[in-house]
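Chemist: The hints should help you fit chain B onto chain A, whose structure is shown.
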Amino acid sequence: MGQFMIRRTLYALVTLFILSLTIFTVVRLTGDPVTLLAEPGARAEDLDRVRAEWGLDRPWPIQYLAFAQNIFTGQLGKSFNYQMPVSTLYFQRLPNSLELAFAATLISFFIGIPAGIISAVRVNSGWDSFGKVVALLGLSIPGFWLGLVMILTFSVWLHWLPTSGQGGWRNLIMPAVALGWYFAASLLRLTRSSMLEVLRSEYVKLARLKGLPGYVVLAVHAFKNALIPVLTLAGVNLVVMINAAVIIEVIFAWPGIGRLLYEGIFQRDFPLVQGVVMEAGIMIVVINLIVDVLYAYIDPRIRLTR
Amino acid sequence: MTQETNVPNAKLTRRTVLGTAAAAATALATPFMRSTRAAGAVAPKGKMVLAWHSNIATRWLDPQQHDGTASGDNFLMALHDALIKNFREVRYDHPALAERFEFAEDAKSAWFRLRPGIKFHNGTPVAPEDVKWSYEHYRGASGEVFREKTQGVEIIDNRTVRFHFKEPFLDFPILLGTANVCGAGWIVPAKYYETVGQDGFLQKPIGAGPYKLVSQQPGVKLEFEAFEDYYRPVHVKNLTMVSVPEAATRLAMLERGEADIMYFVPGELIDRVKNNPKLMLAPVVSGNWWLEFPGFQDPKSPFHDKRVRQAVSLAIDRDAINQAESGGMGQVDGNWINDDVEYALPWPKLERNVAKAKQLMAEAGYPNGFNVDWVTPVPNYYSRGERVVAQLQSIGIRARLQVMERGVFQKKMEGGLKEWPGVQIIMNATRIGGTWSNWYDSMFKCGGFQARDFFCVAELDDKFKQYLASYNANERRNLAEQIQREILENYYFVPVFRHAFVNAIGPRIVGTKWQDVFPTYLTSGYPYPWEDIQLKETAAAEK
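These protein sequences, in sequence, are chains A and B. Quick note: the first sequence uses our numbering, first residue 47, plus one each step. Quick note: the second sequence uses our numbering, first residue 0, plus one each step.
Quick caveat, the hints were computed from the structure, so don't treat them as lab data. Every residue gets a Cβ at the ideal spot worked out from N, C-alpha and C, and that includes glycine. Any given hint could be a false lead.
Stated by the list, open to error - Here are some chain B residues the structure puts well away from chain A; computed CB gaps all over 12 angstroms:
(1) 50
(2) 51
(3) 283
(4) 515
Claimed, not checked - What the simulated footprint calls covered on chain A by chain B, stretch by stretch (three residues with Cβ under 8 angstroms from a Cβ of chain B suffice, anywhere in the stretch; the number is not a length):
(5) 109-122
(6) 192-198
(7) 208-217
So that you can see chain A by itself, here it is in the shape it has in the complex (with noise of 0.2 angstroms):
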């Protein structure tokens, strides 16, 4: 177990590593940010000033090991728009991205588990017609389209909900269903297979033979089983909705982590790039590792494999 997980922290601090490599060259590849920092009818000595100022003058190997360096420390550096630590910037957002990314995961949760169970006891009936439909909207309507028209109605002309921003749990549902719905249409459409592999199962047909009910089978033995892998997809929509709702909160103004990264792409704000793209990752590779960790402690087989 001890060589399993040190290989898989090695495996992780690698994928880190190309991740710092690749997303400091390629927001250097985009070109100098110093012309968006200043006037187009900017003076070359401006430029160069603000070149100076930031360090862009300096050769990228010099430039990578002082974000290496920042990267732990924990700073990630210093904004360029803000002027301000990345680290203070992302962990200020990272709570309103919490919020609405939890209350877009309990959204896809009360329409996609339901839907996809129904969808699956009911197969090719009307409800699973039904759901099939909400799934196909869901994965193919863009969800700044689906953001726009709710604000329209809800906000416009229905004058129920606000418009945008952050306030109170009234803000919070436009987002949050606007968000939630493609995730939603896939935990639907998972729930549904998974449970139908599940009912075609030989304990399932045994518990039906011992003459259980057909709820406590449903509940007991059917539904525990197949939501593993729902829960696992969930998961890593979470850690997705945290970090890259980037369309949902421009449309809705809400400051989050996507908002941020939106902002750092759009002013060329290397640091604030890095910063986020390295948070993320860093989120997304300690999740990996600790599931991992937990399927190599639960099933010695995959412990013992390569």
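Modeler: Relative to chain A, chain B alone:
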């Protein structure tokens, strides 16, 4: 203008090098000037929300780091104040923290007399030491120019400072007083800034403007409160600036009354505002757009022939572009330099005549037209580039549209001709404040920041040198007009239109026409002065 007895200016000969600026400014501003006592007579009330159209950069809260863009001055005008500034119809020299100032005849010095009793938001008085410190420590746009030309800043008494220059510095007041060009004249509390440092100042900036910052969510929201010790009355108690990047959301906020002013209504939403009787459009005419032909000096370039450049001009349907791109609310005139800057040459609207254009093309040896490798508009205004491409087809010029990200475009512009091989048309644009020379210097002069080696008309650059060396206002004007005339008559640049920065105003704001809310529209796209904006009685009484 009355001379103060304690201002030691005996060696200065009184006259105005750049016109009767201060006197005119004072006269124009008279209806808007208030004493400190008058400021106290108005009790600020109510809350106003501005829906800002991009993210809010923290550096915009510090005039010491002015990046020369027209974005930061939206925030400077609320939080800070300058010695002199653009204000309503006055373009750069309206007395602000300085109640009076004078620029020496030889353009080698200038003095400013501060208003009595003015304070920063933390209660400390605005002193000449703050003026000196702010100027000497300024490191933003055009900072190098000030450092090169300034010999020293002298504190004369507890309200007066004098600037000494190494050589005549004719553009000093224009640079100092144009909020969207430079921040050297914007005063920060020196001791506070030194104590908290640059980063600390950005977190809790303190200024001397009409609004003090109460809280900020970096990039997202700024909450201000009226500064009741300001020397002019401030009418609205709470001002919130919130960043809402999505235009449809901004408009929904305005429609629902969550915001009172929104910036940047894109073309597709203009009709929605027009059709809503509660809302008012504020189409502030902004930057100029023109076509340029990098490398036209090369005899192999089809644009080497003046007739071809003229044909391009004749083929462009400027009104159609204005209609499509700015809902017809932009301005179609003849110069590529905005008419709101010093010495800009008025020029009549350019003719559209496709038949004549075809004839010129034939005379130039291109009866069947020719291919242009790329037409590249300033990102991300691609649709107007497409319109130019389509219109040029009418005279046989077959072009393709090139789109690129803004940073890449800027980088290529900095790179000069080698970055623009072949036959190219650039649809360029800018809005630079102050004086025409800033435009020529950046956009046309050989070696200019966006001109590099694109044009290099030696004769005009020589005249520009004469202009810069001259201390005679008449001679400078003549040279400025000659240079602009030659650019236009030779079609070195083909002006297209001035686009409109279209904003919208909600029903809670007092105003019968949009200019009531945007009175400084000649020099800015934003609704200055903030302190003058008023809410209707019902809105002001809302809790």
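Chemist: Now tell me, hint by hint, if it's right for this structure.
Modeler: Now the hints, each set against the structure:
1. With 12 angstroms as the threshold on Cβ separation, the claim that residue 50(B) sits away from chain A is violated: the shortest Cβ distance comes to roughly 9 angstroms.
2. Interface exclusion of residue 51(B) from chain A breaks down, the closest Cβ pair being 10 angstroms apart, not more than 12 angstroms.
3. Distance to chain A confirms residue 283(B) as a non-interface residue, since its nearest Cβ pair spans about 18 angstroms, more than 12 angstroms.
4. Here residue 515(B) stays apart from chain A, with its beta-carbon at least about 26 angstroms from theirs, past the 12 angstroms limit.
5. Counting residues of the region 109-122 of chain A whose C-beta lies closer than 8 angstroms to any C-beta of chain B gives 0; at least three are required, and the coverage claim is violated.
6. Using a Cβ-Cβ cut-off of 8 angstroms, 3 residues of the region 192-198 of chain A lie near chain B, which meets the minimum of three, so the contact claim holds.
7. Figure legend: the region 208-217 of chain A, annotated as covered by chain B; annotation consistent (4 residues with Cβ-Cβ distances under 8 angstroms, at least 3 required).
When each numbered hint is compared with the structure, violations occur for hints 1, 2 and 5.
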